[in-house]
Amino acid sequence: MKRLYPYLDEALCKVLKGLPEEVKREVCEVRLRVGGATSLSTYSKNLFVTPDSKITNNPKKARVSTFQEVANAVTRLCEGSVYRYMSTLNSGYIVTRDGIRTGVCGQATSEKEKIISVTNFTSLNMRLHKEIENAGDSLANFISKNQGTSLLIFSPPGVGKTTVIRSIAKSLATGKFSRPMRVSVIDERGEILPSGSVGLIDRFLGYSKPDGIEIAVRLFSPEYIVCDEIGLQDDTKAMLSVQNSGVPFIATTHARNINELIKRPNIMELIKHQVFNSYARLEKSENGCSVVFEELNS
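Per our numbering, the very first residue in the sequence shown carries number 1; after that it's consecutive.
Heads up, some of the hints might be wrong.
[Unchecked claim] Listed next, the in silico DSBU-like pairs over lysine-lysine satisfying Cα-Cα at most 35 Å (straight line):
1. 54 <-> 2
2. 60 <-> 284
3. 272 <-> 145
4. 60 <-> 14
5. 176 <-> 24
6. 114 <-> 14
7. 24 <-> 14
8. 145 <-> 237
Source of the hints: derived by calculation from the structure; they are not laboratory data.
Only a predicted model underlies this, so the values are computations on that prediction, with no experimental measurement involved.
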């Protein structure tokens, strides 16, 4: 959690520093709301923070965040220039150089049905990525033994999909379970590999998934392409356009179960065209998350 301190006001830092160590170790999200409760999220629960650094389940006892505190945090996360980060703010997030991804909401201004600016920030969700080196070992081992497998990983938000594909990408690119393989990582928001490339990874930082996929296939001859949080129509079009290139995908998407997965039209289009031949659902567990392989009836 100490990685967040440079972005926060001194009073808030003091409260967070005073939290019990076992709580700080488990935190994966810190949430600030103007006029609302300061809260923390772990992989299994939501907690409220009191003004004297205690944990409570009662939001009425929680510390309240101010407008200025939230505004100051946004300015620091944007390295002093909110304007420079406006394109990502318009999409609801900021990613810092050290890999902290923050969800941001406020007052949006739209033009021709497109958000052109966001001001008066009201809520922040500061997410801490966890470097769990073996988080994707079971899946990386499966892929290594079944080379050419195209895998879709799904779960609800907050279970650990990004942590898992980060681990898989590194394992494949460094040859942890077989020979090292060329892996193109389409890191649109800078959170799959916040610390940069390793092994035989080519990292497409800030590229949209359609652009990154097209360039990777055309110029980098990858043996795998890794994408996080697919589901938009443009993602589906891009993946279908390179389906016959012989490059398998390792991708993630949001869904609690198979029934939810097949109700998403763009995902169903990929399933129908057999872009994926393996499906893995992540579940929360005491050690982070567990993997359940799923079968789809054709």
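Status of the hints after comparison with the structure:
1. 54 <-> 2: holds, 17 Å
2. 60 <-> 284: Within the cut-off at roughly 28 Å; holds.
3. 272 <-> 145: Satisfied, since the Cα-Cα distance of roughly 25 Å is no more than 35 Å.
4. 60 <-> 14: Holds. Residue 60 to residue 14 sits at ~20 Å (cutoff 35 Å).
5. 176 <-> 24: holds, 31 Å
6. 114 <-> 14: Since the Cα atoms of residue 114 and residue 14 sit roughly 39 Å apart, the hinted pair is violated (cutoff 35 Å).
7. 24 <-> 14: holds, 13 Å
8. 145 <-> 237: holds, 29 Å
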